[in-house]
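Asks: One letter stands for each residue in the lines below.
2 protein chains.
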Amino acid sequence: MLEFNNMSYKLLKKSKKTKARRGQLKTRRGTLETPFFMPIATKGTVKSLTYEDLIQLESQIVLSNTYHLMIKPSEKLIKKAGGLHKFMHWDKPILTDSGGFQVFSLSKIRKINEEGVEFRSHLDGRKLFMKPEDSIQIQLDLGSDIVMVLDECVELPAKKEYIEQSIDLTTRWAQRCRNYFDKKTAKQTKAKKAKLFGIVQGGLEKDLRVKSAKALVNVGFDGYAIGGLSVGESEQDMYKVLDFITDELPEDKPRYLMGVGRPENIINGVKRGVDMFDCVIPTREARHGRLYLWNGKYTKDAFWNKPKSIYKQINCKAEKFSQDFTPINKDSRFEPLRIYTKAYLRHLFSVHEPLAIRLATLNNLEFYLNLMKEIRKNI
Amino acid sequence: MLEFNNMSYKLLKKSKKTKARRGQLKTRRGTLETPFFMPIATKGTVKSLTYEDLIQLESQIVLSNTYHLMIKPSEKLIKKAGGLHKFMHWDKPILTDSGGFQVFSLSKIRKINEEGVEFRSHLDGRKLFMKPEDSIQIQLDLGSDIVMVLDECVELPAKKEYIEQSIDLTTRWAQRCRNYFDKKTAKQTKAKKAKLFGIVQGGLEKDLRVKSAKALVNVGFDGYAIGGLSVGESEQDMYKVLDFITDELPEDKPRYLMGVGRPENIINGVKRGVDMFDCVIPTREARHGRLYLWNGKYTKDAFWNKPKSIYKQINCKAEKFSQDFTPINKDSRFEPLRIYTKAYLRHLFSVHEPLAIRLATLNNLEFYLNLMKEIRKNI
Chain A
26 MLEFNNMSYK LLKKSKKTKA RRGQLKTRRG TLETPFFMPI ATKGTVKSLT
76 YEDLIQLESQ IVLSNTYHLM IKPSEKLIKK AGGLHKFMHW DKPILTDSGG
126 FQVFSLSKIR KINEEGVEFR SHLDGRKLFM KPEDSIQIQL DLGSDIVMVL
176 DECVELPAKK EYIEQSIDLT TRWAQRCRNY FDKKTAKQTK AKKAKLFGIV
226 QGGLEKDLRV KSAKALVNVG FDGYAIGGLS VGESEQDMYK VLDFITDELP
276 EDKPRYLMGV GRPENIINGV KRGVDMFDCV IPTREARHGR LYLWNGKYTK
326 DAFWNKPKSI YKQINCKAEK FSQDFTPINK DSRFEPLRIY TKAYLRHLFS
376 VHEPLAIRLA TLNNLEFYLN LMKEIRKNI
Chain B
26 MLEFNNMSYK LLKKSKKTKA RRGQLKTRRG TLETPFFMPI ATKGTVKSLT
76 YEDLIQLESQ IVLSNTYHLM IKPSEKLIKK AGGLHKFMHW DKPILTDSGG
126 FQVFSLSKIR KINEEGVEFR SHLDGRKLFM KPEDSIQIQL DLGSDIVMVL
176 DECVELPAKK EYIEQSIDLT TRWAQRCRNY FDKKTAKQTK AKKAKLFGIV
226 QGGLEKDLRV KSAKALVNVG FDGYAIGGLS VGESEQDMYK VLDFITDELP
276 EDKPRYLMGV GRPENIINGV KRGVDMFDCV IPTREARHGR LYLWNGKYTK
326 DAFWNKPKSI YKQINCKAEK FSQDFTPINK DSRFEPLRIY TKAYLRHLFS
376 VHEPLAIRLA TLNNLEFYLN LMKEIRKNI
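Residue numbers (the numbering used here), protein chains in the order written: chain A, 26 to 404; chain B, 26 to 404.
Possibly wrong hints are sitting among the right ones.
Since copy identity is lost for identical chains, a pair holds within one copy or between any two.
Once the Cα atoms are required to be at most 20 Å apart in a straight line, the calculated EDC-like pairs of lysine to aspartate or glutamate come out as [to be verified]:
| id | residue 1 | residue 2 |
| --- | --- | --- |
| 1 | Lys-156 | Asp-262 |
| 2 | Lys-325 | Glu-77 |
| 3 | Lys-97 | Asp-232 |
| 4 | Lys-402 | Glu-83 |
| 5 | Lys-345 | Asp-78 |
| 6 | Lys-342 | Asp-149 |
| 7 | Lys-104 | Asp-349 |
| 8 | Lys-111 | Glu-360 |
| 9 | Lys-184 | Glu-140 |
| 10 | Lys-331 | Glu-143 |
| 11 | Lys-231 | Asp-356 |
| 12 | Lys-101 | Asp-349 |
| 13 | Lys-117 | Glu-360 |
| 14 | Lys-105 | Asp-349 |
| 15 | Lys-97 | Glu-344 |
| 16 | Lys-156 | Asp-166 |
These are calculated hints, taken from the structure and not from any lab test.
Note that the structure is a prediction, hence the values are computed from the model and not measured.
Working from the sequences, and respecting the hints, build out all of it.
Replies: Encoded structure:
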């Protein structure tokens, strides 16, 4: 049985050797081929790119950050504009995070209690309070297609006792998000409804992760995210959690590993049954002149088992590229990447020309999205 | 008689009311319709644009800055790359300045003598010396199509005596540039040769300007630039110089007003017989969120005599655009400018997204290049 009827996630193929799976996620704005990667449009734009670039990149979906958008320009303004899709001119799906991660990472002063979290805007210091219901309402105002519940992101290392209290709170918040979301979307048909995802927390503790997963599955969501990873722990520790956690999640729902990661992390995530990824790495690295490039042909074995061998990362700001008159990327679909030389790109970085970042961003996102294509092809 | 046979400048039409003239300038990289405007590719790129954008803009030519390129990445590297055209992938003409203007404006420490000018790099403080011959050699190494002589740019106000000494020096340097250029290009056919332009100086003094012009015409150049204007004097003072200076220049050679200006300055320059313009205004203003937009239909009379009435400049960072959901520019050839709203552009500026600058730059250069088309049409 490879299909889950009446479900929005359709399993197409499963690997015989690993937990890797290929499928389709049906959303109100079209069907996504899984596994997929979401470029980050933090403030309503993938840095330095237009919607035309995203279309040319064949990006299936983008991720926007609720925290940044609620601060500027505000969800009210975006609602007035006709929603985030219209505002940024993007008609494919958008996933929004809950805002929680930035509340916990950007805001120095924050107080959490049963009701929600109090924090100060990192921009102007004004005091704000966010309840789980607020996060959902903001995401609904933005017009998000995949809405995330508000969770507490515990900084590691933390005492096990604290983590346990935290996942219990996160579960209660998840239930409140579910209730609020259902109430607010009660009149929408299933085809028109956004999706709501729960977020499994629990640090590196197996029993707590399992407890969190079971509790969230009990609430019932359209998909399950694995949060609180790639926050400083070793890759091996992250893989250990992934090794068991996807088994706790329903097979007929998509799994989303938040904020991960390098190409080898994504491949290793897929092998452990993950379907969705997002990460700032391709775009952030681009801004620092670090380009992802393929290493030529590779075997299927190398792809899955030695993923670091299939690609290279070059720092095109390095002196050694100053006289490299070969194309930035001869295989790119973007003509400027095929025509401009590495020496030219190095020059642009060296004199701080913004075009440098645009070119590097196109290169890295193309690499990441091609990587996902290769993953889907190789499952 | 409207044609100048065997000349690289061909006069097509003269206004009956003003000195405005329409023509063609033949270069080794194609024929340019005059009057024209040159977008500034200071460091080998028009800030935030690719060659594809410049083609879409129908830019006939760009201007690059010798000073910036000789400092980084150096003319030697660009020569190795196959020249500036190949380096930046631009096969239409490039005009390069002599480097003099930046030597005098950017470098705090400089000493001028008969031989040349000693200055320090504004980047690392290293001591450099530039002779007129050096400037020509660097421009030849870059592969410039229109080469400018090295001149002294006198800061105004200055004593008349000093200005007179300075124009005499500039004339001697111009002769040395002519000699060096001719020696170095002696083996090239006329069709393959770059052009060499002299630069008229002389501040706001009529007699000195005339003296400078006569002396340069006596040396003989392919075109004549009017330098040392738009450096802080009033617009009326600038127009006064233009009122008489073009009469001193050969009718069969193009005239280039350096570093000018706002749309009304360009129109007023054309009325006084100028054929070529360059200015940082459209690109620099774009970086500050100031957009040039047409004011709708206008009469020919308004175009020539009330040029400020035919366009408006909006500061799209202003609060009043935060809820302006009309297109940035409904008449643009660039789809993103027709589709993205002013509110979205304001948001991008407000959160410092580099896409904002790219969009504003495209808008302003399109405006300037359309302005030149309108000028050519209206002569």
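Asks: Now tell me, hint by hint, if it's right for this structure.
Replies: Evaluated hints:
no., hint, result
1, Lys-156 to Asp-262, "neither (31 Å within a copy, 64 Å between copies)"
2, Lys-325 to Glu-77, "neither (33 Å within a copy, 38 Å between copies)"
3, Lys-97 to Asp-232, "neither (39 Å within a copy, 58 Å between copies)"
4, Lys-402 to Glu-83, "within (16 Å within a copy, 42 Å between copies)"
5, Lys-345 to Asp-78, "neither (30 Å within a copy, 29 Å between copies)"
6, Lys-342 to Asp-149, "between (35 Å within a copy, 18 Å between copies)"
7, Lys-104 to Asp-349, "between (48 Å within a copy, 13 Å between copies)"
8, Lys-111 to Glu-360, "between (28 Å within a copy, 15 Å between copies)"
9, Lys-184 to Glu-140, "neither (22 Å within a copy, 75 Å between copies)"
10, Lys-331 to Glu-143, "neither (45 Å within a copy, 57 Å between copies)"
11, Lys-231 to Asp-356, "neither (43 Å within a copy, 60 Å between copies)"
12, Lys-101 to Asp-349, "between (49 Å within a copy, 14 Å between copies)"
13, Lys-117 to Glu-360, "between (25 Å within a copy, 18 Å between copies)"
14, Lys-105 to Asp-349, "between (49 Å within a copy, 10 Å between copies)"
15, Lys-97 to Glu-344, "between (39 Å within a copy, 13 Å between copies)"
16, Lys-156 to Asp-166, "within (15 Å within a copy, 65 Å between copies)"
Violation of the numbered hints given earlier is confined to hints 1, 2, 3, 5, 9, 10 and 11; the remaining hints are satisfied by the structure.
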